[in-house]
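Here the protein sequences line up with chains Z and X, keeping their order. Residue numbers are given in my numbering: position 7 of the first sequence equals residue 7, and the series is strictly consecutive. Residue numbers are given in my numbering: position 347 of the second sequence equals residue 347, and the series is strictly consecutive.
Bear in mind the hints are in silico, worked out from the structure with no lab data behind them. Here the structure is a predicted model, which means the values were calculated and not measured. Glycine residues also receive a C-beta, built at the ideal position from the N, C-alpha and C atoms. Any given hint could be a false lead.
[To be verified] To give an idea of the chain Z side of the interface with chain X (calculated C-beta under 7 angstroms), a few residues:
1) P19
2) R20
3) A73
4) R82
5) N85
6) E87
7) D91
8) L196
9) D201
10) I390
11) L426
[Said to hold, decoys possible] Here are a few chain Z residues that sit away from chain X, every Cβ distance over 12 angstroms (derived from the structure):
12) S68
13) D97
14) R161
15) R337
16) G408
Number of protein chains: 2
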Amino acid sequence: MGEANENARWQGGTGTRRPRVVIVGGGFAGINAAEALGKLSVDVTLVDRRNHHTFQPLLYQVALAVLSPAQIAQPIRTILRRYSNIEVLMDEVMGIDTGGRSLALASGARLGYDYLVLATGATHSYLGHDEWKPNAPGLKTLEDATEIRRRVLLAFELAERQMVEQGWHPPLRFVIIGGGPTGVELAGAISDIARLFLRRDFRHIDPAESEVILIEGGSRVLASFPEELSALAEKQLRKLGVVVRTGTHVTNVEAGWIMMGEERIDAAVVLWAAGVAASPLGRMLGVEVTKRGAVPVNAELNPQGLREVFVCGDLAHFEQDGHAVPGVAQPAMQMGRHAARLIAADLAGRPRPGFRYFDKGDMATIGRLAAVAKIEWPFKARWGGFVAWITWLVVHIYFLIGFRNRLGILTSWAWTYFTFSDSARLITGDQTLPGWQKKIDASGKPPSTGE
Amino acid sequence: MGEANENARWQGGTGTRRPRVVIVGGGFAGINAAEALGKLSVDVTLVDRRNHHTFQPLLYQVALAVLSPAQIAQPIRTILRRYSNIEVLMDEVMGIDTGGRSLALASGARLGYDYLVLATGATHSYLGHDEWKPNAPGLKTLEDATEIRRRVLLAFELAERQMVEQGWHPPLRFVIIGGGPTGVELAGAISDIARLFLRRDFRHIDPAESEVILIEGGSRVLASFPEELSALAEKQLRKLGVVVRTGTHVTNVEAGWIMMGEERIDAAVVLWAAGVAASPLGRMLGVEVTKRGAVPVNAELNPQGLREVFVCGDLAHFEQDGHAVPGVAQPAMQMGRHAARLIAADLAGRPRPGFRYFDKGDMATIGRLAAVAKIEWPFKARWGGFVAWITWLVVHIYFLIGFRNRLGILTSWAWTYFTFSDSARLITGDQTLPGWQKKIDASGKPPSTGE
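Bound conformation, chain Z alone:
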């Protein structure tokens, strides 16, 4: 297909052409932009290389086998199907031509735009040590979550097998690197499933004897929260048996052990919750980006000199009152909706309104019945413990996309917490336990390895 055809398609045949808005990324920012644009007189194409939107704040519950992937994810085209002016394209953006206002796609096609909403988010960064990645997976996608689930559950299976076959097992130790919300939630949840849920399933090991170590380079966990809540979170983690080590830097991550300076810790599973890097698409705009690859934007969410491009969510670096807006769900949703408002202003010939992040607060759970909550709206409060956890529960259920998911998740949680029983504890993918070094099949040939 040549350029001519492409242009014909994208620019329509008649004189009454509607602006084409291309949204790249189906996360919180992209979906919120699309839903707001669905009500405007524009044609929208949402491009994502995945077919589903993931409710990232609950990913850790998939990683720890409380919820199933389908409970926190939904196909993007299903979410948006009520908007007849929106089409969804599963493709990957390989380049951005800001001069020609078009995108180069992995399929080879070009996609023209009048407005571009760039919202491809962030991924984990290993701070220059990408070789640590296979030894310490991070948590950004459903695949990451099932991989972590696989590793954690296999660690318990291996220890049980070692007890049966050898009469002993090495310490069942889980190390989480990074004391932000994800690290804190993973640490609390691992401690919980070990003590509460797995205890009744094993004959020879006591999962409650497992150790969870949370390592943070800074001076406190949850650095983005007020100090009093960091202290409360540490206290609650310790109550769950989690060892919290702040001011500690990891210097090497190998399969089965980590180094912190001269100190070595062996671990059954190491998880990475430390660094964040913005999506590589930010660099394709041809503007200056921050150290972590985010795109600085003005109050109209534009990168420098690009009025028709809006960068939203974790990919954007937006400063307000001297601080960068954090890379969490709330600002992403607000930016996505604001991008639609900016386009609506252009269509109506009105001046563009400036973006201002409205901070309703922030929360992190610590295990099953505790959390910390920094509430900014509708009133100001700093809560810890059970009250904060109930607040977390209500807010997360309320924001989950799709009624069925809400109901399903409530049922799952109730079922899991009352019966300590769960079907989500499936090990899928590679089933090879450590120590299955020399597998042979009936024919005597060694099998191909899964990884």
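Guided by the hints, dock chain X onto chain Z, whose structure is given.
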């Protein structure tokens, strides 16, 4: 660990040693054997290389995105945790020493037994053409099901993308090779999801225009059913738009097309539901096996000359009234329970009862609201259409392990069928669409491929 220690563990220290029963395989036969042995005065070890039991009759619904993996699978140790005399070991059997009564495990350990229940089932066979496997996945495990789901959903995504980018797409054709129950159920279900569920999600393709072709080498589909039901099934399939080609042999399967003699058919997705091969463990017993690798057993479920070994389920070849008992769930469950009965007879010093398969009937669904049912008990009947489908529904819900799963599946079905909306349509794993041949990242380097 030396042999001496192993024996100490397995043979106990006292004179009142209870017999040790080792069950290999956590499918229908293994789980039913374990549950019956849980009530006897024996020590049981169930070994499986996976951590979960899968309700295989509903796997095709996971493959076609109606149900989620966690709804039809459950960890084996959770199913069996109420029996304190049963331990579950996640390990793989690499060899059987029938003389020394012990198993060699992938971990390197040896596991002694007094009684061995071998129930490792069957897998698909490509009839000597293993090179077809990557081009036509079969359906035996949860991973198979999510792989088929991935391929089917990606085919629709690709066609939509081709419409957007090129204005046309090649025929959206699905070929299923093998007209047994799995093939018939897959064909009916693909036709259903295309016509009913996906239709509202796409803007540019009409999923209802997809073609489903079911290829069977024999003269009729569902050869294990009475002829009248085969004819009825074909009629119902045709009503769903499925092209049924009997007496047709596939001679080659490549990526994107198949050959049947001189005839070539291009296909977006090819699925394999033709051959079945027994697990390789049957060959480790040192007895004669059938062509498909099954182990002939007598009425006490013993392979020739091995009174303390019981082979159950799809791995067993048991003849009754001149016919081999079919490799489906019912006989597997009955054999598993019977193995426990044989051990109980030994313990009580009673003569061993002979096994007899009690055939309650067989069923296969054809899409959403039709099925064929051959009912043998509690009355004899041959049903087709909606009545058979309701019967199928009741029987499958009744036999699903775990109340929560039953409820969850009923809710999912009701939700899916009334709203045509579903969250289970997630594409996970490799997200690469055909045609993304040359992917580059921001740095200009080609990425590693997912497969």
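Hints and how they fare:
{"no.": "1", "hint": "P19", "verdict": "violated (17 angstroms)"}
{"no.": "2", "hint": "R20", "verdict": "violated (12 angstroms)"}
{"no.": "3", "hint": "A73", "verdict": "holds (5 angstroms)"}
{"no.": "4", "hint": "R82", "verdict": "violated (9 angstroms)"}
{"no.": "5", "hint": "N85", "verdict": "violated (10 angstroms)"}
{"no.": "6", "hint": "E87", "verdict": "holds (5 angstroms)"}
{"no.": "7", "hint": "D91", "verdict": "holds (6 angstroms)"}
{"no.": "8", "hint": "L196", "verdict": "violated (14 angstroms)"}
{"no.": "9", "hint": "D201", "verdict": "holds (4 angstroms)"}
{"no.": "10", "hint": "I390", "verdict": "violated (24 angstroms)"}
{"no.": "11", "hint": "L426", "verdict": "holds (5 angstroms)"}
{"no.": "12", "hint": "S68", "verdict": "violated (4 angstroms)"}
{"no.": "13", "hint": "D97", "verdict": "holds (14 angstroms)"}
{"no.": "14", "hint": "R161", "verdict": "violated (6 angstroms)"}
{"no.": "15", "hint": "R337", "verdict": "holds (23 angstroms)"}
{"no.": "16", "hint": "G408", "verdict": "violated (8 angstroms)"}
Hints 1, 2, 4, 5, 8, 10, 12, 14, 16, counting from the list given before, are not met by this structure.
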